[in-house]
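Participant: Top to bottom, those sequences are chains P and E. Residue 82 in our numbering sits at position 82 of the first sequence, with consecutive numbering throughout. So the mapping is simple: our numbering equals the position in the second sequence, first residue as 1, plus 228.
Hints were generated in silico from the structure; no laboratory data involved. The C-beta atom is built at its ideal place from N, Cα and C for all residues, glycine as well. Check the hints yourself; a few may be wrong.
So the derived list for chain P, only partly shown, Cβ under 10 Å to chain E, looks like this [as the list claims (entries may be wrong)]: (1) THR106; (2) GLU182; (3) VAL188.
Just a sample of chain P residues kept apart from chain E, beta carbon distances all over 10 Å, derived [as the list claims (entries may be wrong)]: (4) ILE6; (5) SER47; (6) THR60; (7) SER104; (8) PRO178; (9) ARG187; (10) SER205.
Number of protein chains: 2
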Amino acid sequence: MNENAIRDILEDIVIHVMSQLGPQAAVPCPEGEPIAVELSARHVHLSEADALALFGAPLTPVRDLSQPGQFLCRERVRLIGPKGVMDNIAVLGPARGSSQVEISRTDARILGVDAPVRQSGDIDGTPGIILASQTGIVGLERGVIVAARHIHMTPSDAHRLGVRDNERVCVRVGGERPLVLEDVVVRVHENFRLSMHIDFDEGNSAGWSSAVTGTIIGRKGEHGLCRP
Amino acid sequence: MNENAIRDILEDIVIHVMSQLGPQAAVPCPEGEPIAVELSARHVHLSEADALALFGAPLTPVRDLSQPGQFLCRERVRLIGPKGVMDNIAVLGPARGSSQVEISRTDARILGVDAPVRQSGDIDGTPGIILASQTGIVGLERGVIVAARHIHMTPSDAHRLGVRDNERVCVRVGGERPLVLEDVVVRVHENFRLSMHIDFDEGNSAGWSSAVTGTIIGRKGEHGLCRP
Chain P
1 MNENAIRDIL EDIVIHVMSQ LGPQAAVPCP EGEPIAVELS ARHVHLSEAD
51 ALALFGAPLT PVRDLSQPGQ FLCRERVRLI GPKGVMDNIA VLGPARGSSQ
101 VEISRTDARI LGVDAPVRQS GDIDGTPGII LASQTGIVGL ERGVIVAARH
151 IHMTPSDAHR LGVRDNERVC VRVGGERPLV LEDVVVRVHE NFRLSMHIDF
201 DEGNSAGWSS AVTGTIIGRK GEHGLCRP
Chain E
229 MNENAIRDIL EDIVIHVMSQ LGPQAAVPCP EGEPIAVELS ARHVHLSEAD
279 ALALFGAPLT PVRDLSQPGQ FLCRERVRLI GPKGVMDNIA VLGPARGSSQ
329 VEISRTDARI LGVDAPVRQS GDIDGTPGII LASQTGIVGL ERGVIVAARH
379 IHMTPSDAHR LGVRDNERVC VRVGGERPLV LEDVVVRVHE NFRLSMHIDF
429 DEGNSAGWSS AVTGTIIGRK GEHGLCRP
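Produce the complete structure using the sequences and hints provided.
Facilitator: Shown next, in the form of structure tokens:
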């Protein structure tokens with residue numbers, strides 16, 4: 001058997017193996033570092049104008065959140081939708097350019113609002129809702145979203161995990177009811193702290209507890225499937 | 229290059245490829261047949277005695293369900309937990325040996341009941357709840373569960389899909405928010421019809437619509453991870 005014949009056989013084997021592995025085979029998978037998973041309860045971000053209209057004063061911080069610079073406010077609001085009302089909703093600060101309401105699909109059904117899955121800040125074309133305090137009322141023309149599941153991280157985290165800003169990855173969440181969430185958005189910023197955020201529907205589906213961690217197991221593949 | 233040298237090279241290649249594929253590589257994956265995914269809303273199964281105590285008469289069928297022999301009843305109940313109450317809860321027939329209440333984790337939080345994830349019928353050691361109708365009240369000492377996600381199928385379906393009764397498989401659910409659910413219990417019976425059942429938390433997490441299907445992508449692996 002000469003060298004060319006051997007080369008042909010090896011090429012056939014490599015082509016066959018690659019076809020079995022599929023289109024993602026050549027992409028190296030990131031390491032399996034455990035990432036803290038935090039549940040985001042329904043909450044509201046307010047513009048300065050809307051905060052003033054509702055409370056007559058700027059927002060009052062009461063507790064720092066896991067992402068640096070973000071805080072829980074003393075103020076609470078009522079969400080009034082066409083089908084239902086939810087009371088005592090957390091307001092997160094600091095104030096933003098536009099008010100935004102982040103709810104779960106379960107909440108959306110109760111309120112009667114057809115909220116789309118969006119990244120924070122991407123509120124064009126989203127439905128509105130009524131916000132009320134003890135002393136004020138504000139009608140938002142838009143801003144109600146179901147927050148897309150995402151991971152906050154620093155550029156250094158991204159480098160170590162082998163992922164890029166805005167990339168979509170698959171994350172295995174190892175709770176009592178383990179699952180793999182696809183389409184998890186990577187969000188990279190110097191001021192972020194490494195943490196994955198999912199909503200209560202996702203947390204309940206995973207049997208979440210505070211000890212639960214997530215592991216990036218792959219990137220979104222051409223067929224919408226992550227390969228470990 | 230002689231035949232033994234070629235054999236050595238090929239063996240090295242095979243060993244290298246197998247190590248890349250991991251321990252599950254040798255297990256053949258079932259076919260990717262789409263399976264209908266149905267959402268199970270919170271509901272109650274009643275024993276004959278509890279149905280009589282609540283309604284003074286046997287259950288009245290109003291609509292057949294997807295699983296042959298199962299039906300929705302005209303009767304509705306109120307669930308009364310230590311923290312909350314839920315009204316207008318569906319009763320499914322026919323009557324069973326023991327009453328059983330199937331709720332989501334979201335419902336469990338509202339009612340204040342620490343319901344474990346269980347297969348239907350497996351209610352030993354589960355918490356109880358109060359059931360009420362317009363005319364009666366029944367205190368269940370046990371029977372409140374979060375139903376484990378599962379797939380009903382016939383023996384012929386199981387043969388075709390390459391799975392066995394009580395096996396746990398991983399299912400990709402391709403909704404607006406795609407995910408892979410691990411620990412999906414296969415339930416095989418002559419009287420079943422092929423259909424996957426998930427609860428509203430899971431449906432909301434997947435961005436479920438009636439067109440959504442699930443695909444078995446693997447068996448539960450040694451590392452708790454399904455390999456496509």
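Participant: Next, verify each hint and record whether it holds.
Facilitator: Quick rundown of the hints versus the structure:
For the restraint placing P:THR106 at the interface with chain E, the shortest Cβ-Cβ distance is roughly 5 Å, inside the 10 Å limit, so the hint holds. Using the Cβ-Cβ criterion of 10 Å, the hint placing P:GLU182 at the interface with chain E is satisfied: the shortest such distance is roughly 4 Å. Given hint, P:VAL188 at the interface with chain E, is violated; its Cβ is 22 Å from that chain's nearest Cβ, farther than 10 Å. Residue placement check: P:ILE6 does not keep its beta carbon more than 10 Å from all beta carbons of chain E (closest about 6 Å).
Distance check for P:SER47 against chain E: the nearest CB is about 28 Å away, which clears 10 Å, and the non-interface claim stands. With a closest Cβ-Cβ approach of about 28 Å to chain E, P:THR60 is found to remain outside the 10 Å limit, as its non-interface label requires. The non-interface label for P:SER104 is inconsistent with chain E: the shortest C-beta to C-beta separation is roughly 7 Å, within 10 Å. Look at P:PRO178: its CB is around 4 Å from the nearest CB on chain E, not clear of 10 Å, so calling it non-interface is violated.
Distance check on P:ARG187: its Cβ is at least 17 Å (rounded) from any Cβ of chain E, clearing the 10 Å threshold; non-interface status holds. Residue placement check: P:SER205 does not keep its beta carbon more than 10 Å from all beta carbons of chain E (closest about 4 Å).
Checked against the numbered hints listed earlier, the structure breaks hints 3, 4, 7, 8 and 10; every other hint is satisfied.
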